[in-house]
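Dock chain B against the given chain D, drawing on the hints supplied.
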Amino acid sequence: MAQHVAQPPATTPVVPAELPLKEIAPWAAFFGVLMLVLLYFVGAEQGATSVFNGTDVHEWVHDARHLLGFPCH
Amino acid sequence: MNSTTVRNLLVRGMLAGLGAGLLALVVAYFLGEPHVDSAIGFEEAHSHEHEMEVVSRSVQSTAGLATGVLVYGVAFGGIAALAFCFAMGRVGRFSPRATALLLSGCALLTVYVVPFLKYPANPPSVGDPDTIGRRTGLYFLMMLLSVLLAIAATLLGKRLAPRLGTWWATVLAVAAFAVVIGLAYAFLPVINEVPKEFPATLLWQYRLSALAIQTVLWGGFGLLFGELAERLIHPKSAESVAERAVPAAH
Numbered sequence: 001m002a003q004h005v006a007q008p009p010a011t012t013p014v015v016p017a018e019l020p021l022k023e024i025a026p027w028a029a030f031f032g033v034l035m036l037v038l039l040y041f042v043g044a045e046q047g048a049t050s051v052f053n054g055t056d057v058h059e060w061v062h063d064a065r066h067l068l069g070f071p072c073h
Numbered sequence: 001m002n003s004t005t006v007r008n009l010l011v012r013g014m015l016a017g018l019g020a021g022l023l024a025l026v027v028a029y030f031l032g033e034p035h036v037d038s039a040i041g042f043e044e045a046h047s048h049e050h051e052m053e054v055v056s057r058s059v060q061s062t063a064g065l066a067t068g069v070l071v072y073g074v075a076f077g078g079i080a081a082l083a084f085c086f087a088m089g090r091v092g093r094f095s096p097r098a099t100a101l102l103l104s105g106c107a108l109l110t111v112y113v114v115p116f117l118k119y120p121a122n123p124p125s126v127g128d129p130d131t132i133g134r135r136t137g138l139y140f141l142m143m144l145l146s147v148l149l150a151i152a153a154t155l156l157g158k159r160l161a162p163r164l165g166t167w168w169a170t171v172l173a174v175a176a177f178a179v180v181i182g183l184a185y186a187f188l189p190v191i192n193e194v195p196k197e198f199p200a201t202l203l204w205q206y207r208l209s210a211l212a213i214q215t216v217l218w219g220g221f222g223l224l225f226g227e228l229a230e231r232l233i234h235p236k237s238a239e240s241v242a243e244r245a246v247p248a249a250h
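Chains as they are written, first to last, in the numbering used here: chain D, 1 to 73; chain B, 1 to 250.
Check before you lean on any hint, since a few could be wrong.
To be verified - With a straight-line Cα cutoff of 30 angstroms, these simulated DSS-like cross-link-like pairs (lysine-lysine) come out:
no., chain 1, residue 1, chain 2, residue 2
1, D, K22, B, K158
2, B, K196, B, K158
3, B, K196, B, K118
4, B, K236, D, K22
As the list claims (entries may be wrong) - Residues of chain D clear of chain B, computed beta-carbon distances all greater than 10 angstroms:
no., residue
5, V51
6, F52
7, N53
FYI, nobody ran anything at the bench for these hints, they're computed from the structure. Note that beta-carbon positions come from the ideal geometry of N, C-alpha and C, so glycine has one too.
Chain D on its own, in the form it takes in the complex:
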């Protein structure tokens, strides 16, 4: 019986190492802003403020804007 007892799995570090802040910063700055611009176009463009004229963007994402919880019109 004893030899059938499962071996404990080889110990791997469960808690990962920290990533240095100065390596995250440039990615966070550039892509953080890019992602926020995307969210702006889904959530607010041609509602409270407009970058483009007309209502095409607003009308296209209309249902998503309502269902994702943004104020729509």
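Structure of chain B alone, referenced to chain D:
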């Protein structure tokens, strides 16, 4: 560990966001859309002016909905992956997988539920078009406040942990977050623009479906991204789990 890890995590975050967006889209289409249609029906029955349709309803409820939900998923997936890069190894003794799920849960609460409790999602025909600027401003303010306070509470918890222990440091940090959010709820203006005859059941069913969409989105993201991050950071442990699972299949 080098900057390729940050890039790889970012790419995986956006992919996981796309996957979670697809799950959320299914919920939005089957659970949310019927309520949007009912609300538009109410709007048409109670308004005399006829607006010209720029985008037809059938496109809005399919391709339009998909565009919005998927872009939202990818964008928040990217942001969450960057937040994960900061959090990993810093928030406590959690594996990458557990860190990702914890982060998603906190994101659901701070990015959506906290603003939602003050300024809930509204279906078409609820909301005065003349106040859109004010409502949008307040909604984004509430979101920003909630996220910044959550970050502040996390840092507070980390500082208190050596003195109070992890448990009480966390309890105190969450309590501090709740008190300040409570003050924001009390002092920010109330918005109530529900038309008098708008059906109450439709309103709460609509809002529950909006909450379901976000729950699926963030829950799905936490699980998908957690798996991808675990495999990236601990490739051997993910493999050995898979190897150990094989004999169990017999």
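Here is what the structure says about each hint:
1. The straight-line distance between the Cα atoms of K22 (chain D) and K158 (chain B) is roughly 20 angstroms, inside the 30 angstroms bound, and the hint therefore holds.
2. In summary, the hint linking K196 (chain B) to K158 (chain B) is not supported, as the alpha carbons are separated by about 48 angstroms, beyond the 30 angstroms threshold.
3. Taken as a hint, the K196 (chain B) and K118 (chain B) pair is honoured in the structure, with Cα atoms around 20 angstroms apart against an allowance of 30 angstroms.
4. Taking the CA atoms of K236 (chain B) and K22 (chain D), the gap is near 27 angstroms; set against the 30 angstroms cutoff, the hint holds.
5. The non-interface label for V51 (chain D) is consistent with chain B: the shortest C-beta to C-beta separation is roughly 14 angstroms, beyond 10 angstroms.
6. The Cβ of F52 (chain D) sits about 13 angstroms from the closest Cβ of chain B, beyond the 10 angstroms cut-off, so the non-interface label holds.
7. Look at N53 (chain D): its CB is around 13 angstroms from the nearest CB on chain B, clear of 10 angstroms, so calling it non-interface holds up.
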